[in-house]
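Here the protein sequences line up with chains D and R, keeping their order. Under the working numbering, think of the first position of the first sequence as 1, with each following residue one higher. Under the working numbering, think of the first position of the second sequence as 1, with each following residue one higher.
Hint data in this document are derived by calculation from the structure and do not stem from the laboratory. Among the hints, a few may not be true.
Unchecked claim - Lysine-lysine pairs mimicking DSS-like chemistry, simulated, CA-CA at most 27 Å apart:
| id | chain 1 | residue 1 | chain 2 | residue 2 |
| --- | --- | --- | --- | --- |
| 1 | D | K15 | R | K199 |
| 2 | D | K33 | D | K112 |
| 3 | D | K3 | R | K74 |
| 4 | D | K22 | D | K109 |
| 5 | D | K112 | D | K166 |
| 6 | D | K3 | R | K139 |
| 7 | R | K3 | D | K3 |
| 8 | R | K199 | D | K150 |
| 9 | R | K145 | D | K3 |
| 10 | D | K187 | D | K166 |
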Amino acid sequence: MIKYIYGDALDAFPKLRDTMFKDRAFQFKERLKWDVAVTDEGHEMDEYDALNPLYMIYELPDGTHGGSMRNLPTTAETMINDHFTNLTDGVQIISPLIWETTRFCLSPKVGKLASRVAASVCLAGCEAGIQFGLDSSVGVFDARMVHIYKRIGWEPEILGASGEGKDAISAGLWALDEASKANICAKSGISAEEVEGWYNASFPSISSSDILVA
Amino acid sequence: MTKLETFLDVLAGSQTPNDIQSLVEGLRESYGVSNAVYHAVNVGPMPYAALTYSSEWMQYYHDQKFVQVDPVVKGALRQFHPMDWKQLDWSGRGSREFLGEAITAGVCNQGLSVPIRGPNGQFALFTINDNCSDDSWEKFSKEYKRDMMLISHYIHRRVVEIIVPEDESDTRSLSPRETDSLRYLSLGFSRGQIADKLKISEHTLRVYIDSARHKLGALNTIHAVTTAFSRGLISF
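Could you build the full structure based on these sequences and the hints that come with them?
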């Protein structure tokens, strides 16, 4: 299942937290050879993790990380506006209705579950967008992700790209709407109810009368 | 005009803190809610607020240091998604007692609060508040949440312009691509023609125009173009 967790609440889920940052180190540092910093504990973290992002994390049955992504509002500091405006003709993408999604990561141990986990993480992003009234998410991604998004059924609009072949990186915009959700659900076999269930479990709501009498 | 257009119309003429206060008061009537609050917590040298709660309640809130138990404030400090009050943490006795007192003072049972994040730790909060059943509030939220996201952002940008006019660090300025897009639009080129000229896809062009629109506080492209003109950001 997916959990939505803000950075400052990660400590309540130490196993999930540690395995996520370790899986990120494996994916971005070891496998993709990105120039990212890894702490002594083996956690890949950067300055955007310090901005209290909202993580969407697939939790495996043993409580460890299966896949995740990281979200921040584009009205404050984002990776794309700080470092990748070369991909957007110098345009800073700033909108209350657009969030930035970064560090899309899958655990190496999900194996055959990989496409389901990836689709779940994307659905979590879509659902948040629908629930919070957002339009889209923006992000920078590398060439190998193009096929993954295509398989998932959530292809971004490409805003710009640089580099060739497997070294290419692109800036993309993903629609956060019912159509995207329905498409990913259909391709993955994950039901819309399940997705809504993740959201409701992470952002529980009580009735207004209960607040006062409680 | 839609409610949002009416708001933007008034926003365009808002030049002073008093204008912002009237703008916020106007939201009550146009959206049919009981209260609206904009609060710039960490923007200028002093906190700034425009709101419709009674001054007695604000004084009492201050004297009782309710800011320490107010779940809206706690939630908005650490989260950035629009928050329905029913999703906040009311588990503390202090929070529930606080709500009881708030309601006695004319604050209503339903609320939607939008945390606003800007560059360099800029933080503000926008809230609308009304008295109704959970079901009708749910319906209202569904219909107008997006409006509230935009309104909160637009009020915030205008307040930043008014109270810290010297602050150039934010993103009022448009990139050459954005001004090019608006200039071509103003000259009557179609989106297809502009995309060709700028050698980008129409999708990308749309994102750039939307981006410029949000920076300018403009509802549509015509409004964006006229705003850009009036601020001297584009010229023929």
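Verification of the supplied hints:
no.	hint	verdict
1	K15(D) to K199(R)	violated, 48 Å
2	K33(D) to K112(D)	holds, 24 Å
3	K3(D) to K74(R)	holds, 21 Å
4	K22(D) to K109(D)	holds, 12 Å
5	K112(D) to K166(D)	holds, 24 Å
6	K3(D) to K139(R)	holds, 26 Å
7	K3(R) to K3(D)	violated, 36 Å
8	K199(R) to K150(D)	holds, 25 Å
9	K145(R) to K3(D)	holds, 23 Å
10	K187(D) to K166(D)	holds, 26 Å
Checked against the numbered hints listed earlier, the structure breaks hints 1, 7; every other hint is satisfied.
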